[in-house]
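Given chain A's structure and the hints, the job is docking chain B onto it.
Protein chains: 2
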Amino acid sequence: MTPTPQPLETRIAQAHGREKADLVLKGGRVFDLVTGILLEGDVAICGDRIVGTCASYEGKREIDVSGLILVPGFIDTHLHVESSLVTPHEFDRCVTPRGVTTAICDPHELANVIGTDGIRWFQNASEHLLMDLRVQLSSCVPSTDMETSGARIEAGDLKPLMGHPSGIGLAEFMNYPGVIHCDPPVLDKLALFAGRHIDGHCPQVSGLDLNAYIAAGIRTEHEATTAEEALEKLRKGMRVLIREGSVSKDLDALQPCLNDATSAYMCLCTDDRNPLDIAEHGHLDYMIRRLIALGTSPLAAYRAASLSAAEAFGLKDRGLIAPGLRADIVAIDSLEGCHAQLVLAGGREVTEAAFALRAPQHEIGRRSVKAPAVTAADFRTTSNDSRTDVIGILEGKIITEHLHEDIAIVSGDKAPDPARDLMRITVVERHGKNGNIANGFVRGFGMEAGAIASTVCHDHHNIIAVGADYADMAVAVNRLSALEGGFVVVRDGTILAEIALPVAGLMSLEPYEAVRDHMVALRGAARSLGIGIEEPFLQLGFLALPVIPALKITDRGMVDVRKFEIIAG
Amino acid sequence: MTPTPQPLETRIAQAHGREKADLVLKGGRVFDLVTGILLEGDVAICGDRIVGTCASYEGKREIDVSGLILVPGFIDTHLHVESSLVTPHEFDRCVTPRGVTTAICDPHELANVIGTDGIRWFQNASEHLLMDLRVQLSSCVPSTDMETSGARIEAGDLKPLMGHPSGIGLAEFMNYPGVIHCDPPVLDKLALFAGRHIDGHCPQVSGLDLNAYIAAGIRTEHEATTAEEALEKLRKGMRVLIREGSVSKDLDALQPCLNDATSAYMCLCTDDRNPLDIAEHGHLDYMIRRLIALGTSPLAAYRAASLSAAEAFGLKDRGLIAPGLRADIVAIDSLEGCHAQLVLAGGREVTEAAFALRAPQHEIGRRSVKAPAVTAADFRTTSNDSRTDVIGILEGKIITEHLHEDIAIVSGDKAPDPARDLMRITVVERHGKNGNIANGFVRGFGMEAGAIASTVCHDHHNIIAVGADYADMAVAVNRLSALEGGFVVVRDGTILAEIALPVAGLMSLEPYEAVRDHMVALRGAARSLGIGIEEPFLQLGFLALPVIPALKITDRGMVDVRKFEIIAG
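Protein chains in written order, with our numbering: chain A, 30 to 598; chain B, 30 to 598.
Since no wrong hints were added, every one of them can be taken at face value.
Here are the simulated DSS-like cross-link-like pairs (lysine-lysine), alpha carbons at most 30 Å apart as the crow flies:
id, chain 1, residue 1, chain 2, residue 2
1, A, K89, A, K55
2, B, K55, B, K345
3, B, K49, A, K592
4, B, K188, A, K345
5, B, K188, A, K188
Non-contacting residues of chain A with respect to chain B, defined by C-beta distances greater than 12 Å in every case (computed):
id, residue
6, S195
7, L280
8, V439
Restraint ranges, calculated between C-beta atoms of paired labels, are given here:
id, chain 1, residue 1, chain 2, residue 2, range
9, B, T33, A, T64, 41 to 47 Å
10, B, D146, A, D212, 46 to 52 Å
11, B, M191, A, K592, 48 to 54 Å
12, B, D362, A, G236, 26 to 32 Å
These are calculated hints, taken from the structure and not from any lab test.
Just so it is clear, CB atoms sit at the ideal spot from N, CA and C, and this is done for glycine as well.
One chain only, chain A, in its complex shape (with noise of 0.2 Å):
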């Protein structure tokens, strides 16, 4: 929804103070993002933009936020809107009340089971929401060629969506070894995206390597897992994004990084957060309140949030409450608190009504799981090897260890043995393209009996399963072909929780309170398997994303992320 700009001439009369201004905030203080001190004075908005601060005005409307702290809206700076589960019109009535103002989107899950049509159909979202959503086009659908994916998008078929206001740039460019390498259809979207912003993404690569990345103009991350390789990226001239997703979490390892001197190259991002911990802790807003907490200075801790953000991707209409810029402000309790009381997006006060008045969208995405149906023997090893290449869970992180461990054949399989905490992982086709099936082992999940499986499963998002029950596991799997996608728990053949998620097997058509409450019980009926791990749905969806190291597995196989290669079907 666009905020409804006023003409220049009234911009100015109303600055000036000769015509009230359509709104004034009274009685609270500005935190000042380039000097870091609180000053006083009311702020004047007319239209969808701040135009006085710093002085007394009188406004058509006024709001009393006294005792209160007035902020620019924070701006997440990579992610995707599906891994909240959720619509993008349900997103922002999620996180817009928690003072998220512009969410800076790659829809690359929806658009790798549906294609191009996905895009536009976050682009046409982006025109209805209280926040600014802005839709990067995606770099890489597939991720690689290592993965059946629903749809594949060439430089050929960005093309036509790059008009769109809502976008920014290339999304995410994931394909690192692609770059470094030089392959063909990897330099055609470059090419494509040269001068413009393009987003990267290249987890522990460094050194030369990371030179070539960067030098083909790859200017922000996300990636970074220790202070180490956040400073290489600095120093490199990356912003680095600092991430804490429900998976991924590395807030604390790179807090160090952050300072008075660093933070006007440093953002903040989600990359993927499920709403169950937007609600149990908060979106930007606990990301700020962590970060202060850890002893960052408030002055870095919203700039990273806000000014920063708005500086790295060019948005040079936002990211300071001043003079002629859009009026994105969130009234907090205190620095420390960070919990809004008061948001205004784009000049419009966030609320409930605010909400209810957003033109709905149409549905998109039905009907996209299209497996095979499968059996308990489909889960049956072929190997005739007992070597055996594990992915290693490592809890708070998509990244993962590449384990070997000798597994007995028995009866011409190596099953799973929850006494050693191995378990079979499955990854089912589901475009109805192939049918593949692959079987490999995870370590991790501490499970004792039962099955989980998922249709998010990054980023091609066929289903994957985890299980010590095989078939138990074809039961979870047959059931998301009827739910049209989702998560689902089934132990000794039945189904203990589950959710529909109907929009392309990503998204569900509820409101976030009734998927955070699906959430809760599918942790529940997690745990009751033996599962220790805290998202055990998110965990397992990142461990079929094979441009994240160390291993792991897709519907043709066990990858191997360093080499970039297929290693076990």
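Then chain B, alone, in the frame of chain A:
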């Protein structure tokens, strides 16, 4: 001269080290402007771009920079090349070897004399220089309606100039009353550049006036002369450009505002700096040295000189020594010394040989001085009131004081009075439009005899003269017509020193070294008249600029700038 870019594939290959780099700087240390540390390693360059840092590289050509520190090329964020008194080609030769690899100029001096042809001439020049000369489009030609200029530029005249690659946006919007009060031609220009960069100029504007000015979308400003003024502008979202010209020297006053936390939002500029100052003290290199000597951290000083400047003006391709960015690099002796030992501009080594290879540029603006022949009688006043407005010079500032003196009327004239330091100041229209002659008084030159005159007379560039003796003033003014413009010092009917500025009465056709020598002679001659001001001709020129408070003079009379009106003819 556009540097030669290499294909993306070549850049990546050289960045990765699998091909030899075009050029490698070996053995130096890079001063990282993000984290503030010195980085070891080679710098690899491919065509016009840096492609690798913090690693060992082999190059087709290698330069040993052992013992030197590498910093990003300096960016002068606001200047008038004309104030260097030389052509763009000579300006390039003069300052690029000092490390200034980007200069954002406003060609409004030339444009005031010959109109848009002058802007096109600068645009054309920018295509042939070693430095990257960015040519802003002049917003206020003439600066006000209280002066007679050689040309007038409206929004419609600017539109066809907007496509040139040297453009960033609209140059300093000096008509701040026009912005604040929404004059229609002003709004037309602001509307034409909506969403683009609009540079500011609003000396001593504060409070609601400043809010109105900034709300118009004006984001950078270089007229702050006190820390208080700079802080208000910073807090209202403006990027503050610290200026150290030859007349207006604001560095010492603003230095306390610049620190590691604010440095991302502050820049450096010279505005108007003559070749004598450049030769004796330096250019941006001088400002950096001076800032560090005053206690500014090297991180803050070098950031303001490059990275922050690039950010403020949206030049995303420069500002750091990092892969993918323009190879604008200065190898200096030490951070404190800032003496350039080697300069690369867009990957090209800056040498006399490289300057000699530049395509020459055609002359422009010849025979532009069309003033009436004057006699001593033309300098008499006509007022019958002994109460007199007097311009009070503040040395080192372009703002003036508005003084009030009682001057006796003798034989129908109020004569100059060296004993009270009250000199005649006269502006003679010289564009062949109306032959206006306006007389007034000025205090502060300390003159005892003779006269000085100039065609550098901001921004209308009529003839301005100051004298103790009317006959000498007539000789000086008439000499300028013969010279096609310039500076003249006269005593007892004899020309003591002069320089011809035949390019529109503003620029010499000689090399900058010759201009510097003329300036030394002129300064000596001015001193022989008793003038105590260090830079009398530059100071003189700004006494005619009616957009800088408080009292100025144009060909139409004395101007009360605070009221924006002519108060005496």
